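Here the structure of chain A is known, so what remains is to put chain B in place on it, guided by the hints.
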Amino acid sequence: QSSPGTDNRWRHVRRLLERAGPLGGPEFEPDPELFSAIRSDLVQILVVGAGGLGCEMLKDLALSGFVNLHLIDMDTIDLSNLNRQFLFRPKDIGRPKAVVAAEFVERRVSGCRVTPHFGKLEDKPLEFYKQFMCIVCGLDSVQARRRLNQIVCSLVQFDESDQPIPTSVIPLIDGGTQGFQGHCRVVRAHATPCLECTADLYSSTQQGFPLCTLAHTPRLPEHCIEFARIMQWPQEWPFGEEVPVDGDDPHHVDWIRTEACKRARQFGIREPDFRLTQGVVKHIIPAVASTNAVISAQCVTEVFKAITGCYPLLNNFANFSDIEGVAVNVVPLERNPQCDVCGQPPPKPLTFNSRDSLQTVINQLKSEHGMTRPSLTACVEGRDVTLYMDLSFLRDQLADNLDKSLAELGLLSNTVLNVTDSAQSGMKPVTFVLNLEDGMET
Amino acid sequence: MSSTNNNNNNNKSNINSHPVGRSRSQLPTPKAKKYDRQLRLWGDHGQQAIEQARVLLIGANAVGTETLKNMEDCGSNFFVELARIGEPRAKVCAELLRELNEDVIGDFLEDRLDVLLQRDPGFFTGFSLVIASGVRHSDLLVLSDLLYDRDVPLIVCQQHGMLATCQLVAREHFVWEAHPDNPLPDLRLENPLPEFVAFCDAQDLSAMDSQRHSHTPWLVILYKFLSKWRQANAGKFPSNYAERQAVRQLIRSGERGESDLHGDEENWRQAQSAVTTALLPSKLPSNVNELFKLADQFWLRRQQLSDSSAPSEDRQAAVPPSNWLLLCRTLAEFYRQRGCLPLCGTLPDMVSDSDRYVALLNIYRRAADADLVEFSRLLRVVCLDIGLSADSVPASQIALFCKNARHLRLVKTASYRELSRPLPQTVARCLEETAEAGPSPFWWYLLFHACDRFHTEFGRFPGDTDDVNFLADAGQLKLKCQQLAQDWLASLATTSAAGPTSAPEDLLHELCRFGRAEVHSVAAWMGGVLSQEGIKLITGQFVPETRTMLYDAVSQTFLPVF
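Protein sequences, first through last, are from chains A and B. Whatever position you read off the first sequence (first residue = 1), add 290 for my numbering. Whatever position you read off the second sequence (first residue = 1), add 16 for my numbering.
Isolated chain A, as found in the complex (with noise of 0.2 angstroms):
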């Protein structure tokens, strides 16, 4: 299969490849079948996000050799995404992003396959998942972040003596940017610290402004903005009843600029432009081709690592910033024993039926792990969900649940279960995993 057009542009790989080194992985060992290794079926890579920075991750990969790579994007392709990311096209206005960049990068990269996938993280099973050998993210919010790190956690299996199995862990790959700065960690669940362990890093930087100096001391513009698009604008709905704000709506936009001039007159403060209406109202972060190319080819470099062995993974978390010179900083960061997705222990498998009655995974809960009176808690489409509560008051109120069943309640396979007994107060919650037989996952 291969041409001598194909080896001469894949060179580069090759030499990584074929060619010892000492500076190499402790356990890598070069070899000519790695290349066709690398990309034959067995590799599959997931890039999640087809942003600014999911696009340039995708092709980066693409131009690394790597041919069997899937994408997954829950956005379509709207006017304002025509600005910054370079495959779309006005014509691909209402395509699902993951669509129209995997046909352009298809195109490009002759011999790559990429498979999109339109919709969101959690539409998809578990299964889905464990196909990849690696899992790399330009996602721009700290949900989708955590929601991810949560499935390629839940992945990992254990063996008798509670250790991880090295084969069911997904390295995880995570770029971030916002700006001239930016970050690329590697996820390694219970090796190196999950998302989750440190959650703090990744604390919004949106902007709440308390809502008696929106309404009676605005001192800048950002507040006269603030005010006309949150009290102002749900009593005129100057485009309709119950019509929302749409930030890319120049229209709408132009209409809380007016208004927040007037009351900026008022109080004596410095006018808003449309620029700065706009900013305020979509939270928007700037952002900078340069940067998106740093992180997104920071992240591909630990990606090939990962598959392919040839250098020692980055330990673990790197931070960019180019506003003065350029800095680049290694940070290995510490797991967190604490921490609600990977610390000790692993969660227990529960094996049940989707027509099961919630009544019946307490029974077992009783019987079999040691509960009295269990309460249980689930995240179900993304939300925290009480399912059962064993205390006088509150009994009564989800005794209804009891008898639905498990698919009633929303409960697919490899939903997590937080169980707490009420008649063992202090006690830290012990983790469960649904596995359905039936195999409902959707």
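Everything labelled a hint here was simulated from the structure, so no lab data went into it. Predicted, not measured: the structure shown is a model, and the values here were computed from it. The hints are all genuine.
Reference excerpt, derived from the structure (chain A facing chain B, CB under 7 angstroms, subset only):
{"no.": "1", "residue": "H302"}
{"no.": "2", "residue": "S354"}
{"no.": "3", "residue": "V590"}
{"no.": "4", "residue": "L604"}
Listed next, with one range per pair, are the computed distances between beta-carbon atoms:
{"no.": "5", "chain 1": "B", "residue 1": "V484", "chain 2": "A", "residue 2": "V620", "range": "33 to 39 angstroms"}
{"no.": "6", "chain 1": "B", "residue 1": "R152", "chain 2": "A", "residue 2": "N619", "range": "29 to 35 angstroms"}
{"no.": "7", "chain 1": "A", "residue 1": "L501", "chain 2": "B", "residue 2": "S226", "range": "17 to 23 angstroms"}
{"no.": "8", "chain 1": "A", "residue 1": "R379", "chain 2": "B", "residue 2": "E211", "range": "51 to 57 angstroms"}
{"no.": "9", "chain 1": "B", "residue 1": "R382", "chain 2": "A", "residue 2": "N619", "range": "40 to 46 angstroms"}
{"no.": "10", "chain 1": "A", "residue 1": "S431", "chain 2": "B", "residue 2": "E211", "range": "44 to 50 angstroms"}
{"no.": "11", "chain 1": "B", "residue 1": "H195", "chain 2": "A", "residue 2": "S431", "range": "25 to 31 angstroms"}
{"no.": "12", "chain 1": "B", "residue 1": "N485", "chain 2": "A", "residue 2": "E450", "range": "47 to 53 angstroms"}
{"no.": "13", "chain 1": "B", "residue 1": "Q227", "chain 2": "A", "residue 2": "Q556", "range": "17 to 23 angstroms"}
{"no.": "14", "chain 1": "B", "residue 1": "E259", "chain 2": "A", "residue 2": "N619", "range": "31 to 37 angstroms"}
{"no.": "15", "chain 1": "B", "residue 1": "E211", "chain 2": "A", "residue 2": "V675", "range": "56 to 62 angstroms"}
{"no.": "16", "chain 1": "A", "residue 1": "P719", "chain 2": "B", "residue 2": "F578", "range": "52 to 58 angstroms"}
Below 25 angstroms or equal to it, Euclidean Cα-Cα: the simulated SDA-like pairs (lysine to any residue) are:
{"no.": "17", "chain 1": "B", "residue 1": "K419", "chain 2": "A", "residue 2": "D563"}
{"no.": "18", "chain 1": "B", "residue 1": "K47", "chain 2": "A", "residue 2": "L566"}
{"no.": "19", "chain 1": "A", "residue 1": "K656", "chain 2": "A", "residue 2": "C669"}
{"no.": "20", "chain 1": "B", "residue 1": "K494", "chain 2": "A", "residue 2": "P320"}
{"no.": "21", "chain 1": "A", "residue 1": "K572", "chain 2": "B", "residue 2": "P364"}
{"no.": "22", "chain 1": "B", "residue 1": "K299", "chain 2": "B", "residue 2": "S243"}
{"no.": "23", "chain 1": "A", "residue 1": "K638", "chain 2": "A", "residue 2": "M679"}
Just so it is clear, CB atoms sit at the ideal spot from N, CA and C, and this is done for glycine as well.
Quick look at chain B alone, frame taken from chain A:
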């Protein structure tokens, strides 16, 4: 010979001052929409500079094309690429990039660099920025000699496998807007504005109701207690930690801390924490002092030339100063007369009621405007004095300059000729430091140069062969490395003082293994960094990296070589 001004002077720039609100629609233009995210980082004037700049890329290789692609994403408009004869890469590259961004006007040339340097040097000097990726050392020497004195900045980079070096080469680059991460606010509490004093004096904290008390801006609170402390200390300004803490204690004593609707006295807490930054004694920043010296030297030389009895051609040969130099000269004059820099005029946000915060903003803005008027007057005098027209510098540029006065700086490097031949003392020190250390940026850098010498002799890079026996090149590479190290150490009296002049075997081996491979993700990383460095140079915003740097994708480090 005039210096190239186009990259630094922004003669046509319109600083995007916020327009006064009108009923006229302000819907963004398609281009503003397209570049919205990045406009928030460097403004319309920065974007304009990017679009007007002419950038030359030499070397349509992986790093080169990645750099190009990133800059075009930002709107850089005119690229000409050079490639070796017979390589269709430049053409393919240009077509690919046009596909990515319709705004781009890309052109390509296929010619040998050394031939073109001889035949048409003027071609190179017309650019705002030149990026040379993977260019041979001998060509770089000629290129840099051509560009250095004409103030055309040059970025040089090389990639070998998982490693890449880069270096900025610029005789003088003026940074108009450094955008420091956490700048100290310009409050002038040591020598407060008269209008500010009057405003504060009219406020009686003890007579305020809890609403007014808890919405008094911290700046006023701080000033009042500072004054109290100064009165009790013979008028001196707090000069150390203990004294600043004393002021903080005074403020604390004025807190009410009631718990009613308006009892949360966050403004009082803000006043206390502001003590650490707002009460630092003001002094002239060293970067600005440097600029004063430069300006004074320039004027002195000019004076000497005009005073001398040299023939008139020599006098005419005196270089007309670029705008930044005129402005720095004026700044020095302003500082001499006033004892301070022009006021910045902005204030940080703080808990306050609307009227008092707005009043404070207006006080500081008026004072800044007055300083700007005075500065502009001085500038006109400076210009006329030197034979230039009074409005040589556009008003928007004067305003930008004054606003950023504290953070201005001139960035400079030696020429490529000097940089690529490090001082023997430096080499000796690096060799000693790395004696036992294994891979270090310095060894790699030395080896990169040794590879270049290898190429000169053998017509290819070490390991760049399909021969299974690629390691055979290691011996020759080692020799070249030793010769080079000895060359560099040559003038040192005691060469024996240095560490080993032979690179560790491991590194030699690894370089031969790479055979000058262009690992894509490594090239893409460097392309990202270089594109932003290019934008810094074009816009005069943010501070560029001036050291010789090495990116090592194995350890994910980016470190200075020396």
